[in-house]
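Trainee: Spelled out from the first residue to the last, the chains are:
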Amino acid sequence: MRTDSPGHYWLVSVASVGVALGAWLVASWLGVLDPNRFPPAQTLAGSVAELVQNGYSGKPFWMQIGASMGRALSGFVIAVLVGVPVGILIGSSRLFDAIVSPFLTFLRPIPPIALVPLFVFYFGIGELSKVALIFLTSFLYMTVNTASGVRSVPEDLLLASRSLGLTDRQIFFHVTIPASAAAILTGMRVSMTLSWALVVAAELIAAQVGLGFLIMDATTFFRIPYVYVGIITIGLIGLALEGLLLLVERRLLHWRGKQ
Amino acid sequence: MSGGVALEVRGVGRSFARAGGGEPLRALDGVSFSIATSEIVSLVGPSGCGKSTLLRMVAGFDSPDEGELLLDGRRIAAPGQDRGVVFQQPQLYPWLNVIDNVSFGPRMRGVARDRISANAEHYIRAVGLARFERHYPYQLSGGMRQRLQIARVLINEPRVLLMDEPFGALDYQTRLGMQRLLLELAAEYRPTVLFITHDIEEAIFISDRVHVMSAHPGRIIETIDVGIPRPRVYDEVSASAPFMALKLKTLKLLAH
Ligand SMILES: Nc1ncnc2c1ncn2[C@@H]1O[C@H](COP(=O)(O)OP(=O)(O)O)[C@@H](O)[C@H]1O
Ligand SMILES: [Mg+2]
Chain A
1 MRTDSPGHYW
11 LVSVASVGVA
21 LGAWLVASWL
31 GVLDPNRFPP
41 AQTLAGSVAE
51 LVQNGYSGKP
61 FWMQIGASMG
71 RALSGFVIAV
81 LVGVPVGILI
91 GSSRLFDAIV
101 SPFLTFLRPI
111 PPIALVPLFV
121 FYFGIGELSK
131 VALIFLTSFL
141 YMTVNTASGV
151 RSVPEDLLLA
161 SRSLGLTDRQ
171 IFFHVTIPAS
181 AAAILTGMRV
191 SMTLSWALVV
201 AAELIAAQVG
211 LGFLIMDATT
221 FFRIPYVYVG
231 IITIGLIGLA
241 LEGLLLLVER
251 RLLHWRGKQ
Chain B
1 MSGGVALEVR
11 GVGRSFARAG
21 GGEPLRALDG
31 VSFSIATSEI
41 VSLVGPSGCG
51 KSTLLRMVAG
61 FDSPDEGELL
71 LDGRRIAAPG
81 QDRGVVFQQP
91 QLYPWLNVID
101 NVSFGPRMRG
111 VARDRISANA
121 EHYIRAVGLA
131 RFERHYPYQL
141 SGGMRQRLQI
151 ARVLINEPRV
161 LLMDEPFGAL
171 DYQTRLGMQR
181 LLLELAAEYR
191 PTVLFITHDI
201 EEAIFISDRV
211 HVMSAHPGRI
221 IETIDVGIPR
231 PRVYDEVSAS
241 APFMALKLKT
251 LKLLAH
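As given, the protein sequences belong to chains A and B, one line each in that order.
For the first sequence, the working numbering begins at 1 and goes up steadily by one.
For the second sequence, the working numbering begins at 1 and goes up steadily by one.
Check the hints yourself; a few may be wrong.
[What the hints assert, rightly or not] If you anchor each label on the Cβ, the simulated ranges turn out as follows:
#1 Phe173(A) <-> Ser117(B): 19 to 25 Å
#2 Pro109(A) <-> Gln139(B): 40 to 46 Å
#3 Gly110(B) <-> Val17(A): 53 to 59 Å
#4 Pro109(A) <-> Glu68(B): 34 to 40 Å
#5 Phe106(A) <-> Ser47(B): 39 to 45 Å
#6 Asp114(B) <-> Ile78(A): 41 to 47 Å
#7 Phe173(A) <-> Pro46(B): 40 to 46 Å
#8 Ser117(B) <-> Ala201(A): 52 to 58 Å
#9 Asp100(B) <-> Val12(A): 37 to 43 Å
Derived from the structure by calculation, the hints contain no laboratory data.
Every residue, glycine too, gets a C-beta built ideally from N, C-alpha and C.
Based on the provided sequences and hints, a complete structural model is requested.
Mentor: Okay, structure coming up:
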């Protein structure tokens, strides 16, 4: 295999992860790791088994995962449903852009975590405050990406379409939307990752169930292996979600080719 | 197709505001000419002499400040499939394959499916893309993309074909191939063509008439009747005395 082929770098990544995992397994086997600081493999495996069997804090492990995913996905889905039309409006109407963009531009750089106390104050410590926070953050990214996708549709492609006899409505649905699909899907991928990262952060502050709650609570009671299981679960699910959207992107946007 | 005058450009003028303010830029000034059915007419001239501005007005993308443009005697007001535009940078739908790109216009206009597919295959073959029906634009070379763009407008059987430096971005060999293709298509379908180029040889080789323009303001300074009989074969025509004479004459006109 040539050293500059993509497959080569992929192998390097696999090897790099393999070495790190291997070092950890060897250290575990040698018994040099302190279970309550940096847990060895056997402790972690035991914790996973316990969590799966007994759950945590009176709720099964799958429910902790489900609670986090439910919050993240509902905020994300609503953000896509609202953000895509709003982004299209921003991208296609200078007036609408001028009216709403100052607010969106102002809100975007505010770290969502800074809004948590305010959201708890307005929406309580229940589901609503978390879903609302995730919605807002995802929405802000969906709108910019969608709007920039719509704006980047070449002017000449729209003119060519009018010359083929398309109506404005047909141009919108059959040209503008597919031509913006790449930007919309990229926005979805970023928003999905943000939603997932944010739900855990929101749960650290106020929740009775969820992976963020589990991590926070386990730390308080010094159950460090549980903390690691929680963190690894979050990471793996994040990877899976990202991979899923990448797959959808490759399927739908195969025509982007190399160009 | 009806005979007689297809396109008429009457005293067309167009000015643009300059970015820095001051006197508006006179892109076109009193431009008049007409194109008969099945004629191929070229506009040549230096960059900035208003060639694209004029073509965009014929396409209905822009409108004149003075004068009028008539297609079959009717004033041009908006874009329509009766004027097929071929852009220098092919404006294709990257998410559609060759056959779907060609079928797209008629499909949107509600033409019957079986008629579309027969026509699409016909014109794809006519431009030499028969083996590439299922390819996507990103899988095609520059010349093939331009062929696809031509097929996509031919299927609409437009009254006028508008081509703005369609071969300008292609390498020399490909450009010659495209010129030959255009002559073949012209012989077979007898389209009316308004063609823009800054390549004098190309203009003479493919046209019945060449309007030579000057810039600032954009005007037609001379009209050349080519009169070389068709069918034209590039190797024969390009070495012939009449071709050389026309080329020299045009070069002199453009020199000042
Ligand atoms: N939309 C526009 N706004 C301002 N100036 C323009 C616009 N379109 C063309 N022009 C100017 O008009 C002149 C003619 O342009 P164009 O028709 O593109 O020339 P050509 O195609 O012959 O190179 C140029 O000086 C160009 O800068
Ligand atoms: Mg031009």
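Trainee: So, for every hint listed, does it hold in this structure?
Mentor: Each hint tested on the structure:
1. Phe173(A) <-> Ser117(B): 19 to 25 Å: holds (22 Å)
2. Pro109(A) <-> Gln139(B): 40 to 46 Å: Given range 40 to 46 Å: holds, Cβ gap about 41 Å.
3. Gly110(B) <-> Val17(A): 53 to 59 Å: holds (56 Å)
4. Pro109(A) <-> Glu68(B): 34 to 40 Å: violated (53 Å)
5. Phe106(A) <-> Ser47(B): 39 to 45 Å: holds (44 Å)
6. Asp114(B) <-> Ile78(A): 41 to 47 Å: holds (44 Å)
7. Phe173(A) <-> Pro46(B): 40 to 46 Å: holds (42 Å)
8. Ser117(B) <-> Ala201(A): 52 to 58 Å: This hint holds: roughly 55 Å between Cβ atoms.
9. Asp100(B) <-> Val12(A): 37 to 43 Å: holds (40 Å)
The structure is inconsistent with hint 4 alone, although it conforms to all the rest.
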